[in-house]
Amino acid sequence: MNHDELERIAGAERTAAKPAEIRCCTSSGCRASGSADVLKQLKAAVQAKGLSDRVAAVGVGCPGLCSAGPVVSTHPGGAVFGKVTSGHADGIVSTLSGGSTDAVRIDPNQPFFAKQFRIVRATVGQIDPERIESYIAADGYAGLYQALQQRPDEIVANVTASGLRGRGGAGYPTGLKWATVAKMPPGQKYVICNGDEGDPGAFMDRSVMEDAPHQVLEGMAIAAYAVGANQGYVYVRAEYPLAIERLQAAIHQATKAGVLGGNIFQTPFEFKVEIRIGAGAFVCGEETALIASVQGLRGTPRPRPPYPAESGLWDRPTLINNVETFATIPAILRNGANWFAGIGTATSKGTKIFSLTGKVKNAGLVEVPMGTTLREVVEQLGGGTADGRAVKAVQTGGPSGGCIPADLLDTPIDYESLGRIGSIMGSGGMIVMDDTDRMPEVARFFMEFCADESCGKCVPCRVGTVQLHGLLTKLVEKRATRHDLDLLIELCHFVKDTSLCGLGQSAPNPVLSTLRYFAGEYEALLQPEEFARPPRRSAIPLTVL
Amino acid sequence: MPATTAPVDKRLKILDAAIRKQQNRPDTLIAILHKAQELYGYLDTPILWHIARALRLPPSRVYGTATFYHLFSLKPRGEHSCVVCLGTACFVKGGQKLLDTVAAHADVKPGQTTADGKVSLLVARCIGACGIAPAVVLDGTTHGHVGPDQLTARLEEWTHES
Amino acid sequence: MAVVTLTIDDKPVSARAGDSVLAAAREAGIRIPTLCHLDGVSEAAACRLCLVQVEGRGRLQAACVTETAEGMIVRTQTDTLREYRRMILELLFTEGNHVCAVCVANGNCELQSLAAELGMDHVRYPYLNPARPVDVTHKQYAIDHNRCILCTRCVRTCDEIEGAHTWDVAGRGTLSHIVADMGQPWGESVTCTSCGKCVQACPTGALFRQGSTVAEMTKDREKLGDLVTARRDKKWTV
Numbered sequence: 001m002n003h004d005e006l007e008r009i010a011g012a013e014r015t016a017a018k019p020a021e022i023r024c025c026t027s028s029g030c031r032a033s034g035s036a037d038v039l040k041q042l043k044a045a046v047q048a049k050g051l052s053d054r055v056a057a058v059g060v061g062c063p064g065l066c067s068a069g070p071v072v073s074t075h076p077g078g079a080v081f082g083k084v085t086s087g088h089a090d091g092i093v094s095t096l097s098g099g100s101t102d103a104v105r106i107d108p109n110q111p112f113f114a115k116q117f118r119i120v121r122a123t124v125g126q127i128d129p130e131r132i133e134s135y136i137a138a139d140g141y142a143g144l145y146q147a148l149q150q151r152p153d154e155i156v157a158n159v160t161a162s163g164l165r166g167r168g169g170a171g172y173p174t175g176l177k178w179a180t181v182a183k184m185p186p187g188q189k190y191v192i193c194n195g196d197e198g199d200p201g202a203f204m205d206r207s208v209m210e211d212a213p214h215q216v217l218e219g220m221a222i223a224a225y226a227v228g229a230n231q232g233y234v235y236v237r238a239e240y241p242l243a244i245e246r247l248q249a250a251i252h253q254a255t256k257a258g259v260l261g262g263n264i265f266q267t268p269f270e271f272k273v274e275i276r277i278g279a280g281a282f283v284c285g286e287e288t289a290l291i292a293s294v295q296g297l298r299g300t301p302r303p304r305p306p307y308p309a310e311s312g313l314w315d316r317p318t319l320i321n322n323v324e325t326f327a328t329i330p331a332i333l334r335n336g337a338n339w340f341a342g343i344g345t346a347t348s349k350g351t352k353i354f355s356l357t358g359k360v361k362n363a364g365l366v367e368v369p370m371g372t373t374l375r376e377v378v379e380q381l382g383g384g385t386a387d388g389r390a391v392k393a394v395q396t397g398g399p400s401g402g403c404i405p406a407d408l409l410d411t412p413i414d415y416e417s418l419g420r421i422g423s424i425m426g427s428g429g430m431i432v433m434d435d436t437d438r439m440p441e442v443a444r445f446f447m448e449f450c451a452d453e454s455c456g457k458c459v460p461c462r463v464g465t466v467q468l469h470g471l472l473t474k475l476v477e478k479r480a481t482r483h484d485l486d487l488l489i490e491l492c493h494f495v496k497d498t499s500l501c502g503l504g505q506s507a508p509n510p511v512l513s514t515l516r517y518f519a520g521e522y523e524a525l526l527q528p529e530e531f532a533r534p535p536r537r538s539a540i541p542l543t544v545l
Numbered sequence: 546m547p548a549t550t551a552p553v554d555k556r557l558k559i560l561d562a563a564i565r566k567q568q569n570r571p572d573t574l575i576a577i578l579h580k581a582q583e584l585y586g587y588l589d590t591p592i593l594w595h596i597a598r599a600l601r602l603p604p605s606r607v608y609g610t611a612t613f614y615h616l617f618s619l620k621p622r623g624e625h626s627c628v629v630c631l632g633t634a635c636f637v638k639g640g641q642k643l644l645d646t647v648a649a650h651a652d653v654k655p656g657q658t659t660a661d662g663k664v665s666l667l668v669a670r671c672i673g674a675c676g677i678a679p680a681v682v683l684d685g686t687t688h689g690h691v692g693p694d695q696l697t698a699r700l701e702e703w704t705h706e707s
Numbered sequence: 708m709a710v711v712t713l714t715i716d717d718k719p720v721s722a723r724a725g726d727s728v729l730a731a732a733r734e735a736g737i738r739i740p741t742l743c744h745l746d747g748v749s750e751a752a753a754c755r756l757c758l759v760q761v762e763g764r765g766r767l768q769a770a771c772v773t774e775t776a777e778g779m780i781v782r783t784q785t786d787t788l789r790e791y792r793r794m795i796l797e798l799l800f801t802e803g804n805h806v807c808a809v810c811v812a813n814g815n816c817e818l819q820s821l822a823a824e825l826g827m828d829h830v831r832y833p834y835l836n837p838a839r840p841v842d843v844t845h846k847q848y849a850i851d852h853n854r855c856i857l858c859t860r861c862v863r864t865c866d867e868i869e870g871a872h873t874w875d876v877a878g879r880g881t882l883s884h885i886v887a888d889m890g891q892p893w894g895e896s897v898t899c900t901s902c903g904k905c906v907q908a909c910p911t912g913a914l915f916r917q918g919s920t921v922a923e924m925t926k927d928r929e930k931l932g933d934l935v936t937a938r939r940d941k942k943w944t945v
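Residue numbers (the working numbering), protein chains in the order written: chain B, 1 to 545; chain L, 546 to 707; chain Y, 708 to 945.
Calculated directly from the structure, the hints in this document are not laboratory data. Every residue gets a Cβ at the ideal spot worked out from N, C-alpha and C, and that includes glycine. Incorrect hints may appear among the rest.
Said to hold, decoys possible - According to the in silico footprint, chain Y covers these stretches of chain L (three or more CB under 8 Å from chain Y):
{"#": "1", "segment": "559 to 566"}
{"#": "2", "segment": "601 to 610"}
As the list claims (entries may be wrong) - Quick list of simulated restraints, FRET-style, between CB atoms:
{"#": "3", "chain 1": "Y", "residue 1": "THR785", "chain 2": "B", "residue 2": "HIS483", "range": "18 to 26 Å"}
{"#": "4", "chain 1": "B", "residue 1": "ALA539", "chain 2": "L", "residue 2": "ASP652", "range": "43 to 51 Å"}
{"#": "5", "chain 1": "B", "residue 1": "ARG389", "chain 2": "L", "residue 2": "ALA698", "range": "46 to 54 Å"}
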């Protein structure tokens, strides 16, 4: 593969494109709503009407609005249809020649689409995720080509200058991580893509892996070149079979095309990628546990330091980034660090994808610039609640995050602002709750999740989460007293301060944040003490701030 | 002594081929366990011994790994599987109610199989189908916006087929 | 050999570069409580009893895996740390079924003596009362899972000192448990050499010699560290 060949493939793909296209979402969400049949019928209808030379019916990635799936769009024109069944196929095809259909039309200019700013998901919904040619025609692998024309340290400097921060949750500066791995002495180094998207209520990474697998691989290859690695692993959770299938196909195509493997773009750079499949363990999203799992072991975390950047997979320097982080890289290489740094806020650059779900009207994936307020996302893009009830809270960050009350919805989405109000950016789950949701029950739900997913290695997380769940159950069942609430708060601080890894350290967050903003709901459940207790003496504060 | 030898059959040959393809590398244990479960439906003790020998791993490490991950089962599963998602989005949209419905209707606890061996009821911690919550995976196929009636109807079909 | 100087509980301490805070403190006669640490085997950093405060670091650090550094200021005995250590013990007592009065290790148990030392005089959380088995199938030894605190000292000892890797941890979360081989009875293990090192390594009465009765089971845990020293440095301690 060389630059001319890349251009040739892109050119051929563009020439072969038919004047009209009918795009049907074939990602997991719409697939579950029957999109495979719809696509089949669309193809049959095109054939039957003798339009095969002018119209193509193609499967594309997720346009985002999962709640209205299966979603079909027609081009040119850009009409969007929702809740399409195979019976609508004929009608939709006929609209291209002035016909009509009774399929539900979705306004493509509504805020859900118009207010988005797509970098990572720029090509999603436009290209066929199962063909490398389709990706190349959309400037795919041009970023890798440009990267290989630079020195590795220039790329690291570029990524640092872009201000990109890890999209997996903690927001560690990506450039700094790359620089650490790059500075380790030469020798065997690894790049791992963390596709173990375990946060319940988050599916951005699933969509990126399914809809833009080549973009992830391109980002990994650029990273490998920058840090001096020649072997990569994509760790995908087993719950995402379509993502695994598409990544596998993408690796195969990319290797065949010569953008992975040896002598990439006729340079000495070589990079191979293997897939590793998880087996159902949330804790494997933690980087040291993930490394253990890639090595075929129980996914238990180990203390850091040493950080994986110094000693990771098989004790070698290892760069671990999240799917969305890698998928952002090609655009930074193509458009420059300054372009990326110009988007977002002072400390949080670029865009972030959120999976907007729960009691919201438009559920699905949205990509917005950092600094957008929660209110804009929930009320404008999301369209408020489905049945018009009042939004009570928005949960971000999954079991490690917090519930943000409705009166703080004007908070801008950036790492620091969300941290200040007791939540986290997290990987991008955003669950809208209405006034029928009871916060102590939400807190108990997350604690049950954490107790179930605790690896069992360290005492505070293994036993502490179980005791916290017990206390919350007692509370929800109206059997708890003030004394139990004190125990709960004290135990939250304990588990947070003493656990070995991020799972345990953040497990109390949903409890602490709901206690902070919805204390009244907890108080209302308390029962009077059966007997007077002496005042409690403890070094641990009984407040949640 | 417990049985530690797996009967030689077609499935074992396929498993051995998969192990050879991975060059008997011990770090491929999880992939091999997936393959074995796909072939046998669950991870029986003789199969685990077979894998331990092939990958040159201590048996307790193989057992420890197989029991760590939720997707591996050391007991046979039912003919049909019903996985109810209890991710956050499904939880706020009534996933728990779906689970309770199935559990009551089929008289089975989450993680267990009905007495007649027909249906295994399992719980997932988010399958990433949050946009169409509540979601259920029936025999490997994801269904979104599922209601309790729809689910019990399917259970009826399963229990009454011969 | 490079030496670093640091301060532990206001006392100036010198340590070899690369030593852990725990090792440096011990050498200086400062006691930091531990449970999963065992001389001679790798660290698990799992019990969290040895957490200490290091100036300039936001999070509490496990002394067993924290490397000493020049000018480091460490506190091992703050009010919060003492409270947290008691809470760790409370949680351990609620998790298993620990009944000292009928235990073979009564009087020789590290969990029991730490409870006494750290002033954990009552447990504020409900006991979980798990149903756990006792395995007496081995000819010489037995394992009572009710008394196991999952410190994994036996697992590491069997793997790193004896080299048999009979033991490992199975299950996860609160269902974690120690297993021999494929989870069969210990007496049927094909890898166990019956060396008994795991029994010596165990801090409680979970692993014990058959025939021991209440309070009879004493353990020689230092022997394991001595064994490693002898093997590595060709220096014997008698």
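Going through the hints against the structure:
no., hint, verdict
1, 559 to 566, "violated (count 0)"
2, 601 to 610, "holds (count 7)"
3, Y:THR785 - B:HIS483: 18 to 26 Å, "holds (25 Å)"
4, B:ALA539 - L:ASP652: 43 to 51 Å, "holds (50 Å)"
5, B:ARG389 - L:ALA698: 46 to 54 Å, "violated (29 Å)"
Against the hints set out earlier in the document, violations occur for numbers 1 and 5.
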